[in-house]
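Please build the complex by placing chains B and C on the supplied structure of chain A, with the hints as guidance.
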Amino acid sequence: MDRTQLLLTLSIALFAIGLLGVMIRRNALVMLMCMELMLNGVILSLVTFAERSAMLSGAVLVFLVFVVAAAEIAIAIPIVLLLARRRRTLDVGAWSELRG
Amino acid sequence: MSLETLLLYFFSAAALLSGVLMLVARHPMRVAIALIGAMISLAGIYAILGVHVIAVFQVLIYVGAVMVFMVYVIMLLDVRDPSFLERYGRAVLPSVLLAGLLAVALAAAVGRGRSVTAGDLGTTQGESAGTLFNVQPFSAEFLGSYWLHFELTSVLLLAAVVAAIAVVKGGRRHDG
Amino acid sequence: MNLLTLIVVLPLTGFLLNGLLGPRLGKSFVTVVGCGLPVLAFLATIRAFGQLDGAAGLALVESAYTWAVVGDFSFDIAFYFDRLSALMTLIVTGVGSLIHIYSTGYMKDDPSYARYFAYLNLFLFFMLLLVLGRSLLVCFVGWEGVGLASYLLIGFWFEDPAKAAAGKKAFITNRVGDAGFLLGMFLIYYALGTLDFDAVNAAFQGPVPPAVSASLVGVLLFIGATGKSAQIPLHVWLPDAMAGPTPVSALIHAATMVTAGVYLVARLNGLYLVAPEASQLIAGIGVATAFFAATIAVVQTDIKKVLAYSTISQLGFMFLALGVGAYGVAVFHVYTHAFFKACLFLGAGSVIHALGGEQDIRKMGGLARRIPVTFVTFAVATAAIAGLPPLAGFFSKDEILWYAFASERGGSPLLWAVASVTALLTAFYMFRLLILTFLTPSRMDHETEHHVHESPWSMTSVLVVLAVLSAIGGFFHVYLFLEPVMPLPETAHALEHLEWPLIILAVVIGLAGLAAAVYVYRGGLDRAERLERRFPGLHRLLSGKYYIDELYEALIGRPIRWISDRVFLRIGDRLLLDGTLNGMASVARGAAGQLARVQTGNLHFYAFLVLAGLVALLLWSWGHV
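Protein chains in written order, with our numbering: chain A, 1 to 100; chain B, 1 to 176; chain C, 1 to 625.
For the record, the hints were derived by calculation from the structure and aren't laboratory data. Please read all numbers here as calculations on a predicted model, not as lab measurements. By construction, the Cβ of each residue, glycine as well, lies at the ideal position given by its N, Cα and C atoms. Some hints here could point you the wrong way.
Only part of the chain A face toward chain B is listed, based on derived beta-carbon distances under 8 Å [what the hints assert, rightly or not]: (1) 14; (2) 51; (3) 78.
In isolation and in its complexed conformation, chain A is listed as follows (with noise of 0.2 Å):
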């Protein structure tokens, strides 16, 4: 097995622990540290296409990103926290309103 196929797969792998994660747990916190594996996972991937193509432009996505990143959980963090505060608990089963 060559080193790309070793590192997609690795970047599949984290992908999927992190859905696993986002789909199984119930802290509200916890689904978003998943939803960050699954993303690092991902920029994994793009890590590993940027170096074997050698485009110093791969990299300067990745940067971009982690920037996007950033001011993604900056936002999400507030806005959990409003919904902890509004039902008092950060498990997610708590805003299951709809009878189904």
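For chains B and C alone, kept in the frame of chain A given last:
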């Protein structure tokens, strides 16, 4: 097997292990630490690949800013939250199976691709790769061709700050 | 000049003006328009009559409007004026105008004055279409139209449900007859390709008989006539129709509309001359109806109902004449009957008006001195209907009896005998009515008695005119006038010597009826009540009108209502239609309910679904790429 390959395997395993720990840990703080561990492993992988700039930025920005913020927030919250006791939602097994199916399907696609080089994983694309992703070439490229994107990111960050304030202020007004 | 079209259109104009503008423009306007236009129509008819005489016996034909063109054939609205239609039109417009004038007095205090005259003019319009129409189609339009006008006028005081129901009964019974009329029309058109009366008569009288059975057509058209002219079995609507205002009863249910059936058969005499079976049927039903209705009239206690059954009976006489081929004689009786029956009805209206609404003859009596004009005119008309010479009824009834006995086209002693008994009964019940209403000691209650007063001159003048016509009208022998159009049947030579004896016998019968009535009713109701106690069953049968209405209700009304309820309502409407719609709605609701189970509100579930979809897409795309 060269050092690089070994380190590569090591950091990959570390990242995976951290990921699994994230799923299993009960306290969010432990989850955060596991995530930090995963990110640092990834930084290590980037360094092995020769993309030093990105490795540094991974640690600086992602761990240093994002995860610190996350840790702050976790520390601010109450320990007696019920979600700390009940970790998982309802249907765990179907989710595991589905995520596994996804991973297998995607990995199969990857596995079908051609191997460029067999055997030794440590080979790089040439010594140009070693210096290609250094700070100087990176900065020259970044602030040269991509200066517009740079400006836009500052606008984006400003918007994020304003938005965060608006969300919190608006939330407060509702709660009053 | 389009004289015939003018005659027809004048009452139509009256209907439109009175109907649309009448309520707003007041009683005087309605009176002038409502009475003036029929009078104008009458004058126009006289003018046309004058033109007819000068036309050497040929009919006037006017085509007004082409209604439709289908293939080679065009359906025209055309008018045909020969001696028969001339006579009918004169009766319709003449007697009609008189009754309009009477109505101005009778309906003076009614709030729906304008509507009344509008409907009355509408009726005149349709009746004129009927008698002036050249083809069966135009005649049928008028036929249906007078049915409509009759319904509107019978149910004129529709706030009373019983009166509205009477209107419905009339209309529906007419419609049953109309089915026969339509079938007859279809057969004629199918066989001959034309519906014009003159063409139809010529075709049936011609050398080559048409490809359809004349008797069949004759019977079908006669079914229509039974509906309109109240013969057995469709006579049930006429007594109920007395719920309408009395002038309406006079005009529609005595003088004109009910004679439409007689007109139809007389007009198609060319057909009936070659349809002996149909003619026998007509004669049989006619004489049976005459007898049947006369027996019922003997026990009736409402003044208008007696006259209604009397009308049915007299119509039976007319159909008897038609059935034995004496078409002109039947029309003669139409003519005289119009005068004396209208006079009788209007006189009854005058009595009702005088008594403030009382119609039960058991509560009348002694009116002769108090309302003399009404009494005298009523008496003259009663004598006319009883067949006392030299009044009009004597001439026409006598001719009918003679032809019923001796006509070569179906006359028989049996027909004559039944008709004579009926004539006896007619005299009896009519004089009974006269005596009980006017001549016995008063049985009125005191309140009514105080208010008895003679009617205004608008009503009494008409009564006088009609009484005079009932007296002298018989001297104009209509059947001779109509000979060119409707030849009289041959009479059996062997029986001709009996003609004068039969005439004398008829007069004796009339006087016998008068004597019997005087004997029974002279002092009031006592003798009658004793007779009633001796024959209770017979009395009940006659009072119950032979229970025909109940029979129809049981045979037709109840099954139809049962089917409507059980089959159409419960099964058809509720089970099938509503069930289908509700079922579809339930299916939709059920499906939606099931689909809504996706919306659990559970975030993890949603994420799971998204992922599941994504994985499925991936797998599928790899299979197909």
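Here's how the hints hold up against the structure:
With a least beta-carbon distance of about 6 Å to chain B, the hint placing residue 14 of chain A at the interface is held under the 8 Å criterion. Residue-level restraint check for residue 51 of chain A holds (minimum Cβ-Cβ distance to chain B is 5 Å; threshold 8 Å). The interface hint given for residue 78 of chain A holds, since its Cβ lies 5 Å from the closest Cβ of chain B, which is under the 8 Å cut-off.
When the structure is compared with the earlier hints, no violation turns up for any of them.
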